[in-house]
Each structure stands twice: as structure tokens, then as C-alpha cells.
Amino acid sequence: MSEKPISIWREPAVRNYLFTGASALLVVMLAHMVRDAAIGGLLAVLVAVPGLVGRWSASPILFLLVSIFPILDPQGMLLIAPEYMGRGRDPVIPGLNTQTKNAFDITDLFLAAGMLCYLIAQYRLLSLMNRSFPPDRVPFHRPKADDESPKRPAKLVREDEIPFALALSSAFVLGGQIVWLLIWTFTGDDGNRSMFIGQTGAFVVVVWGLSVGLLISATVFGYLSMRNASHAEADMFLRDGVWQETYREQQRVHRWRIWNRARKGQ
Amino acid sequence: MLTGRGWSFLILSIMLLVCGILLLPQTAYFLGILGVTLLGWFFFEWMQFVIRVRIALPQLVVRRQICIENRTVAMVWAGRTFIVRIDIDAPHKIALPYLVLEDLIPAESKKHDGRNEHAIDLRPGDELTFEYQLECPAPGVLRFEGQRLQLADLQGFFYFRTFLRAPVEIPVLPPLIDADGLHRTDKRLNILPPPGVHRLRGPGSGSELLDLRDYRPGDPPKMIAWKPSARKDKLIVKEFETEVPVRCTLFIDTSHAVRLGPPGKNSLSELITIAAAVAQAAAANRDLVGLTMFDESGTQVIRPARGSRHLIDLLHRLAHAASLPAAGRSTNMLPLARLGLSLANEVYPDLMRNGVNKLPWRMFWRPLLDSARGWRVLLLMAMPLLTFWSVYRGLLATLAFETAPSRKWMPPMFLLYVILPFLIGLFFWGLYGIRGYLDTTAISRRKRLAAVVAQTLQLPFDAVARMQIDDEAMMTHLQQFLAKHHVPYPIALYDANGQYQFRSGEKVKILAAALANAVGRGRDNELYVLFADLLELDEELEPLMNAVRMAKGRHHQVLLVCPWLQHMPAPEKYKKRDASFIPRTEDELADYLREEEIERYLKAYEHVRHEFGRVGVTVLRVNQGDSVRLILDRMERLRNVGRVRR
Numbered sequence: 001m002s003e004k005p006i007s008i009w010r011e012p013a014v015r016n017y018l019f020t021g022a023s024a025l026l027v028v029m030l031a032h033m034v035r036d037a038a039i040g041g042l043l044a045v046l047v048a049v050p051g052l053v054g055r056w057s058a059s060p061i062l063f064l065l066v067s068i069f070p071i072l073d074p075q076g077m078l079l080i081a082p083e084y085m086g087r088g089r090d091p092v093i094p095g096l097n098t099q100t101k102n103a104f105d106i107t108d109l110f111l112a113a114g115m116l117c118y119l120i121a122q123y124r125l126l127s128l129m130n131r132s133f134p135p136d137r138v139p140f141h142r143p144k145a146d147d148e149s150p151k152r153p154a155k156l157v158r159e160d161e162i163p164f165a166l167a168l169s170s171a172f173v174l175g176g177q178i179v180w181l182l183i184w185t186f187t188g189d190d191g192n193r194s195m196f197i198g199q200t201g202a203f204v205v206v207v208w209g210l211s212v213g214l215l216i217s218a219t220v221f222g223y224l225s226m227r228n229a230s231h232a233e234a235d236m237f238l239r240d241g242v243w244q245e246t247y248r249e250q251q252r253v254h255r256w257r258i259w260n261r262a263r264k265g266q
Numbered sequence: 001m002l003t004g005r006g007w008s009f010l011i012l013s014i015m016l017l018v019c020g021i022l023l024l025p026q027t028a029y030f031l032g033i034l035g036v037t038l039l040g041w042f043f044f045e046w047m048q049f050v051i052r053v054r055i056a057l058p059q060l061v062v063r064r065q066i067c068i069e070n071r072t073v074a075m076v077w078a079g080r081t082f083i084v085r086i087d088i089d090a091p092h093k094i095a096l097p098y099l100v101l102e103d104l105i106p107a108e109s110k111k112h113d114g115r116n117e118h119a120i121d122l123r124p125g126d127e128l129t130f131e132y133q134l135e136c137p138a139p140g141v142l143r144f145e146g147q148r149l150q151l152a153d154l155q156g157f158f159y160f161r162t163f164l165r166a167p168v169e170i171p172v173l174p175p176l177i178d179a180d181g182l183h184r185t186d187k188r189l190n191i192l193p194p195p196g197v198h199r200l201r202g203p204g205s206g207s208e209l210l211d212l213r214d215y216r217p218g219d220p221p222k223m224i225a226w227k228p229s230a231r232k233d234k235l236i237v238k239e240f241e242t243e244v245p246v247r248c249t250l251f252i253d254t255s256h257a258v259r260l261g262p263p264g265k266n267s268l269s270e271l272i273t274i275a276a277a278v279a280q281a282a283a284a285n286r287d288l289v290g291l292t293m294f295d296e297s298g299t300q301v302i303r304p305a306r307g308s309r310h311l312i313d314l315l316h317r318l319a320h321a322a323s324l325p326a327a328g329r330s331t332n333m334l335p336l337a338r339l340g341l342s343l344a345n346e347v348y349p350d351l352m353r354n355g356v357n358k359l360p361w362r363m364f365w366r367p368l369l370d371s372a373r374g375w376r377v378l379l380l381m382a383m384p385l386l387t388f389w390s391v392y393r394g395l396l397a398t399l400a401f402e403t404a405p406s407r408k409w410m411p412p413m414f415l416l417y418v419i420l421p422f423l424i425g426l427f428f429w430g431l432y433g434i435r436g437y438l439d440t441t442a443i444s445r446r447k448r449l450a451a452v453v454a455q456t457l458q459l460p461f462d463a464v465a466r467m468q469i470d471d472e473a474m475m476t477h478l479q480q481f482l483a484k485h486h487v488p489y490p491i492a493l494y495d496a497n498g499q500y501q502f503r504s505g506e507k508v509k510i511l512a513a514a515l516a517n518a519v520g521r522g523r524d525n526e527l528y529v530l531f532a533d534l535l536e537l538d539e540e541l542e543p544l545m546n547a548v549r550m551a552k553g554r555h556h557q558v559l560l561v562c563p564w565l566q567h568m569p570a571p572e573k574y575k576k577r578d579a580s581f582i583p584r585t586e587d588e589l590a591d592y593l594r595e596e597e598i599e600r601y602l603k604a605y606e607h608v609r610h611e612f613g614r615v616g617v618t619v620l621r622v623n624q625g626d627s628v629r630l631i632l633d634r635m636e637r638l639r640n641v642g643r644v645r646r
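Line by line, the protein sequences are chains A and B. The opening residue of the first sequence carries number 1 in the working numbering; numbering runs sequentially from there. The opening residue of the second sequence carries number 1 in the working numbering; numbering runs sequentially from there.
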């Protein structure tokens with residue numbers, strides 16, 4: 001863990017992630033420009049750059065938050081004329097309503113891919129340069145060797161990591177688009193074919209999908225955990241079962257024993 | 001498993017998705033797409049991580065080897081460095097791209113070279129090896145607990161810590177000494193007996209002539225001294241001295257009083273280092289060495305013998321004795337619990353998790369009836385039954401009549417007065433029970449720790465419940481738990497009544513019995529070396545003095561080696577303070593008390609010296625010059641006793 005401080009310009013792995021993140025930001029910027037949201041895009045990029053260069057750990061979260069704004073209001077009209085907010089169902093300010101009504105847009109794909117690539121690169125850079133996992137509590141029973149932040153050593157970065165991450169992000173963006181299309185196909189405005197209609201329907205479908213996914217995963221992994229339990233864990237499980245069933249009675253008995261001991265001691 | 005970074009990302013992704021779905025589906029499809037994409041990626045990373053944790057990690061094989069000069073060994077020597085080699089095999093088909101493995105170093109050892117912690121990228125079928133160098137300065141036993149594993153994903157969203165327990169105990173034998181260097185080099189006699197033997201003035205088959213006597217039928221013809229026979233005109237035979245080996249028996253005090261202090265730096269460790277040096281030097285001289293270890297409860301005896309196997313056995317026993325932990329009745333559980341919790345969290349994270357060590361909410365409820373005063377509340381709640389008693393009923397009716405605002409309020413008021421004691425009792429019942437929920441942290445920690453201790457020590461099934469409420473049981477088992485893992489823990493020297501806990505007259509009786517037993521088994525002049533802490537045991541020394549007198553009466557040699565506290569000055573270097581000094585400040589008072597303690601200690605030592613000096617026993621301190629050389633010199637004197645007496 002006592003790796004030498006990584007120089008951002010010297011480590012090839014760090015440099016590669018840095019260039020990947022910067023390229024992704026460029027794509028994000030261009031996509032925002034295509035969506036007539038150059039200022040918002042620039043703002044998001046400006047928030048992201050300190051994260052890449054200066055290891056600012058809040059950068060990716062702020063980037064996501066700042067990116068929402070140009071998506072909702074590409075020309076920043078709400079900032080310029082906030083008094084128009086909430087007037088009727090159709091905003092009168094031109095620009096707010098310029099988004100496509102179509103669920104598929106190639107610009108969206110590029111923007112999502114760029115954002116995901118940036119996030120992957122940024123988080124991996126933070127693992128390499130800041131901290132890869134939370135530090136443990138200092139043990140009382142032995143001296144702690146050092147309290148250095150646990151970083152992932154740059155030598156562990158594989159050559160195929162970045163290409164794999166790029167392929168993965170493309171796949172997930174495509175998958176996300178497909179899932180979104182499916183959701184809106186089954187629950188969209190013209191979705192009389194489905195019992196779940198509109199926003200509520202989409203929400204229910206998403207929540208249901210996530211819940212079922214989590215339930216199945218938790219069951220499978222819980223089973224695997226029990227199956228791979230060590231002898232000590234199995235013993236502990238049984239002991240804990242006995243304790244849960246009988247601890248009140250046992251404690252009552254032991255209170256009497258303590259009382260008896262105290263009486264004898266007196 | 002989720003880190004702060006992971007939580008923030010997950011919450012933001014869910015927020016984006018919810019925004020995409022509920023708030024602006026018409027104007028911002030992109031938010032939904034982005035939300036689904038980010039959540040999908042996050043879910044994929046989580047799946048990957050969980051598969052690594054649940055499937056790949058349990059299959060990881062880590063082996064440890066202790067090597068000296070490229071040979072694997074089962075024991076090491078104090079003061080010498082050795083290599084710890086860690087081999088890691090990944091038999092599974094799942095890669096672990098970021099794993100931090102730390103081999104826990106025993107507390108008693110010192111790291112010299114290399115690193116015991118490595119961040120690795122483990123691919124399927126990989127075999128990795130790393131080494132580091134350790135040294136253990138004092139004899140004892142080194143306990144290697146196992147390896148701490150920290151697994152994280154590449155983004156830092158997930159983190160899992162576990163421990164591969166593979167406890168191994170390696171004996172650290174006392175340091176090897178150059179036995180020849182410890183013997184005196186000046187020549188005292190012209191004819192020295194062969195090493196390992198000394199002459200005894202009794203008829204035997206030695207080489208030195210003892211006497212001449214008349215021939216008795218049955219004497220071998222080769223013993224006939226022909227010249228004296230011719231002179232005296234009758235058969236005279238020669239008698240030779242007997243030759244017997246020198247025997248040395250070491251009596252080592254392993255009582256709790258000498259075990260106090262950090263391992264390797266306590267009195268027992270010093271005694272054992274000297275005893276081991278004596279044993280090695282004597283064995284190198286082909287003398288017979290025996291060992292008797294005693295404490296408050298009994299003795300362990302190894303009969304005097306010679307040979308390398310015997311010596312190694314002896315050193316093993318000494319090493320194990322050096323690692324014995326001190327135990328006493330603790331008076332404060334907090335430091336023990338903190339140490340125990342820290343150890344359990346580090347070495348037993350799998351047994352501390354909620355899946356196998358549960359904390360049901362009902363456990364925090366404090367049952368009122370289990371308390372000594374619970375019956376009062378029960379009595380209060382049973383008061384409505386008194387309504388069947390006409391006097392009480394009349395009293396309540398009168399009260400209801402006087403307090404009701406109108407006639408129609410009388411029945412409800414009467415009913416309220418009837419059930420009011422029950423309601424008050426119920427309130428107190430709830431108030432008492434709910435107090436347990438105010439400090440759930442302490443209760444949960446104690447339960448989890450008790451469960452781990454019970455499992456580790458294989459205690460009966462009721463031990464967890466017992467340790468939850470019985471402080472004494474908890475402290476006793478915590479001491480055992482910490483001692484098992486070689487973690488030093490604080491011990492109260494004085495009990496609740498202010499008495500020194502480790503003053504043991506019993507061990508003196510046991511030592512006296514062991515010495516008398518050894519004298520009874522002794523064949524000729526032997527050397528008995530007592531390594532014992534006998535200071536401040538003035539009244540209990542009598543049985544031992546009797547045994548020593550018996551040994552001296554049979555011409556055996558006895559030596560006493562006393563342990564010496566490190567912070568105590570040597571008697572010859574100590575300058576007595578001014579008797580008229582009166583402390584006036586806090587610092588002066590502290591100095592005064594320390595001086596008092598030193599004087600009391602030195603006085604006790606002088607007393608022991610005086611008592612043993614009266615029966616001709618030399619008393620040494622462990623830090624007094626070269627005590628090993630002195631003991632060997634005494635053995636040399638035994639060897640030459642025949643020559644000296646002539």
C-alpha cells in the first residue's frame with residue numbers, strides 16, 4: 001500500500017484514463033451543442049475537468065447534476081425568465097419544447113455514451129489517485145502500519161481495461177435505449193394494449209423490474225452464501241438459532257447464578 | 001458492501017430514472033435513457049462484484065511457508081531472521097482485478113524486509129508468491145492468524161473485507177548460544193575428567209585409584225594388585241573411583257506473577273532465556289539437564305538426560321512456557337471489550353455479520369419482571385382486583401362521587417379509578433422496557449462479541465446469554481479469547497479489595513515438593529538451579545527452605561536466580577534517599593512513592609538473599625553480570641569435586 005505518489009503525467013494507465021475522460025467530455029460537449037445547449041454543456045464540462053485533472057471527488061456527481069439542466073432547458077430560458085415556470089401545460093417560451101417527442105434519438109445515444117464513458121474514466125481515476133475503498137478503522141489490538149489512503153496501484157491496470165470499458169458503455173447505452181423503448185412501447189400514451197398506461201405505468205414497470213431483479217439476485221446470492229459457508233459460520237448460525245429461541249430463559253437462570261455468587265461472596 | 005461513492009452514484013441514478021419517468025417524459029426522454037443506462041451498468045458491476053465475493057474468494061488458496069536459508073522449517077530461533085513466503089493460487093475461472101492481501105504479522109515479531117501487504121490482480125489460474133522477512137527477539141510462540149483480504153471494484157463503488165483464517169503457531173526457540181564460549185578458560189587442574197562426568201569417592205569402575213583392600217572371593221583377577229600382594233603375602237585388590245555424570249535440574253517458575261508484562265519482555269522471558277543458555281551449554285558439555293516447570297497449580301517434569309533430541313524437546317517446552325499468558329481477575333471490562341471487539345472485527349468479520357450473528361429488535365427490550373423490583377409494578381397492575389373488596393370499592397366510589405363534575409360522569413370516573421393503577425403500572429413497564437432501545441450500540445456489540453468468543457472457544461450453547469449479563473464470565477472468556485490470539489491485555493494487579501492478585505504462597509509449596517522429589521531421585525552430587533520469583537513471600541518460604549536444607553545435606557548444589565523488574569535499579573547502584581525528606585508537591589510525592597516502592601523491593605531481595613545465604617545458597621539476579629557463566633562454573637566445580645577433596 002505504500003506506493004509512491006503517482007504523477008499524473010507519467011503513469012501510462014493514468015494518462016490513458018485521463019485522455020479517455022477528456023475525449024468523453026468532448027463528445028458530451030458536442031452532443032450538447034447539437035441539442036442547442038452549448039452553454040449548459042460547457043458548464044458541465046467545466047465542472048468535470050477539475051475531477052480529471054485535480055482529483056476532485058465531487059466532480060462526477062456535480063457533473064451529472066449540472067448535465068440535467070441543459071437537458072431540461074437547453075437554452076437556459078428558465079434562468080432568463082423564471083416567471084414563465086408552471087404557466088399551463090405547454091410552456092410558451094420557445095426552446096423548452098424543442099425536445100424530440102421520439103423516444104429514439106441518435107444524439108441522445110452519443111450523449112449517454114459520452115457521459116457513461118466519462119463517469120467510468122473519472123471513477124477509475126479517483127480509485128487510482130485518491131482512494132479505492134474506505135479506510136478501515138484503526139485496530140486497538142495492534143499498531144497500524146500506516147494510515148495511507150488505499151489506492152489502486154497503476155501497475156494493476158490491464159491493457160484491455162479501457163477498450164473493454166468503451167465497449168461496455170456502448171452496450172449499456174444501447175441496452176438502455178432498448179429498455180426505454182420497450183417501456184414506452186408498452187406503457188406509452190397510445191398504449192391501450194397494456195393495463196399500465198402512461199407515467200404511472202412506466203414507473204410501476206420499472207419498480208417491478210428492479211424489485212424482481214433484486215429479489216432473484218438476493219435469493220441466488222443468499223443461497224450461494226449459505227452453500228459456501230465455512231464450518232465456523234455454520235456453527236455460528238446454529239448457535240445463534242439456539243440463542244434466539246432461548247436467550248430470555250437462559251438470562252433469567254444466569255441472573256439467579258449471579259445472585260447466588262454475590263450472596264456467597266458476601 | 002456499498003461505499004459512499006457507490007451510494008451517491010446509486011441515488012443519483014435512481015433520481016434520474018424517476019425524473020425521466022414521472023416528471024418529464026415528454027420533454028426529456030434522455031433522462032430516462034440515461035437513468036436506465038447508469039442503473040444497468042451499476043447493476044452489472046454489482047453482479048460482477050458479488051460473484052467475485054461469493055464464488056471466487058472462497059476458492060482462493062493461500063499458503064504460508066516459514067523458510068530459513070531456503071528450507072521450510074517448523075520452528076525458528078529467537079534473534080534470527082527468517083523468511084515468510086506466501087503462495088496464492090486462483091483455481092477458479094473468475095478474475096479478481098483488484099485484491100489487497102495482507103498477511104497479519106504476529107505482534108511479538110519485527111518486520112525487517114519486504115512487504116506483508118500486496119495489491120494484486122489475480123487472473124484465473126494465476127499463482128503468485130511474495131516474501132517478507134521477520135525476526136522474533138524473544139523466545140515464545142508466534143501465531144500467524146491468516147490473511148486479510150480487501151476486495152474492491154475498479155470504480156470504488158463496492159468494497160468487501162474478509163479474513164482467510166489459517167492460524168499457525170510456530171515455536172520460537174531460545175537463541176542458540178556458543179556453549180564453549182561460556183565456560184571458563186583458565187586451567188584449574190592438571191587432570192581433568194572427560195566432559196560429562198565427574199568422579200565420586202565411592203568404589204566403581206572409573207580410572208582413578210580409590211583404595212586397596214583384601215581380596216574377596218568373586219573379585220575379578222584383573223583387579224588384583226600384584227606388587228602389594230607380593231609384599232604382604234596375601235591377595236590385595238585395587239578399588240577405583242566411580243565415574244558419574246553431572247546432572248543439572250532447572251526449576252522454572254511459570255506462575256502468573258512472572259508472566260505479567262508484554263510477551264517477550266516479561267520476567268518469564270528473561271528466566272527462560274537464561275535457562276535455555278544453561279541447558280545448551282550443559283548439553284554441549286555432555287552433561288545431563290533436566291527441567292521442572294512449576295506454577296500455582298502444578299509441575300511439569302522432564303527428567304535429566306542428554307542428547308540433541310532431548311535438548312530440542314527442552315527448548316520446545318521452554319518456548320511454549322514463554323508464551324503463556326497471564327490471567328487474573330479483571331476489574332474493568334471496557335479495555336478488554338475494546339480489544340476483543342477490535343480483534344473480532346479484524347479476524348472474524350464473517351462471524352460478526354448479520355447473517356449468522358443476528359440482532360433481533362426484541363433483544364433490546366428490558367424485561368421488567370427480571371429485575372429485583374419488578375414485583376412492585378406487578379402488584380400495582382394487580383390492584384384493580386381489589387375492587388372485589390367492598391371497602392376498597394367503596395373508597396373508589398366515594399372518590400368518583402367527589403371528583404365527578406356531574407352525576408353522569410360518575411361511572412366513567414369510577415372505572416378510571418379502578419384501572420388507573422393498572423395503567424400506571426403499564427406505563428412503568430413500558431418505560432423500563434424501552435430503556436434498552438436507548439443504547440442499542442453497546443448491547444449489540446456485546447452480544448456479537450459474546451457470540452464470536454463462544455464460538456471460537458467452543459463454549460456451551462448458553463455461554464452467549466451468560467456473557468451478555470455476567471460481567472465476570474465475559475471478562476474471563478475475553479481474557480481467554482485474547483490470550484488465544486496472543487493479544488496482550490491489561491490486567492489489574494490489585495483486586496477489588498486492594499490485595500495484590502499474584503502473590504502466591506502455593507507455588508512455593510509446589511516448588512518445595514518438586515525439589516524434595518528431585519533430591520529423592522538424585523543419585524550423587526547434583527546442581528539444582530531455581531529460577532523463581534520469591535520476593536515478598538517471606539512467611540511462605542519455610543517449606544522451600546526445608547527442601548533446600550535437605551538438598552544441601554546430601555551434598556547437592558543449589559542456586560537461586562531471581563527475576564528483576566526492569567525499572568528497578570540494581571541494589572549496588574541504588575543510593576538511599578534522605579530519611580528526613582518530606583514531599584511537598586505532587587511530583588515530589590510521586591517520586592517519594594516510587595522511592596518507597598524501590599526500597600521495599602530491594603528490602604525483599606535482601607531478605608531472600610539473607611535467608612538463602614544462611615543455608616549456603618547463592619542468590620543471583622537475572623540482570624546480574626553473566627549469570628549463565630556463573631551457573632556453568634558451579635557445574636564445573638561439581639565435576640571436579642573428587643579432585644578438590646583429595
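Don't take every hint at face value.
[Claimed, not checked] Partial list, computed: chain A residues near chain B (C-beta under 7 Å):
(1) V47
(2) L62
(3) P134
(4) S170
(5) V173
(6) L181
(7) Y247
Derived from the structure by calculation, the hints contain no laboratory data. Where is the CB? At the ideal position from N, CA and C, for every residue including glycine.
Going through the earlier hints one by one, which of them does the structure break, listed in rising order? 1, 2, 4 and 6
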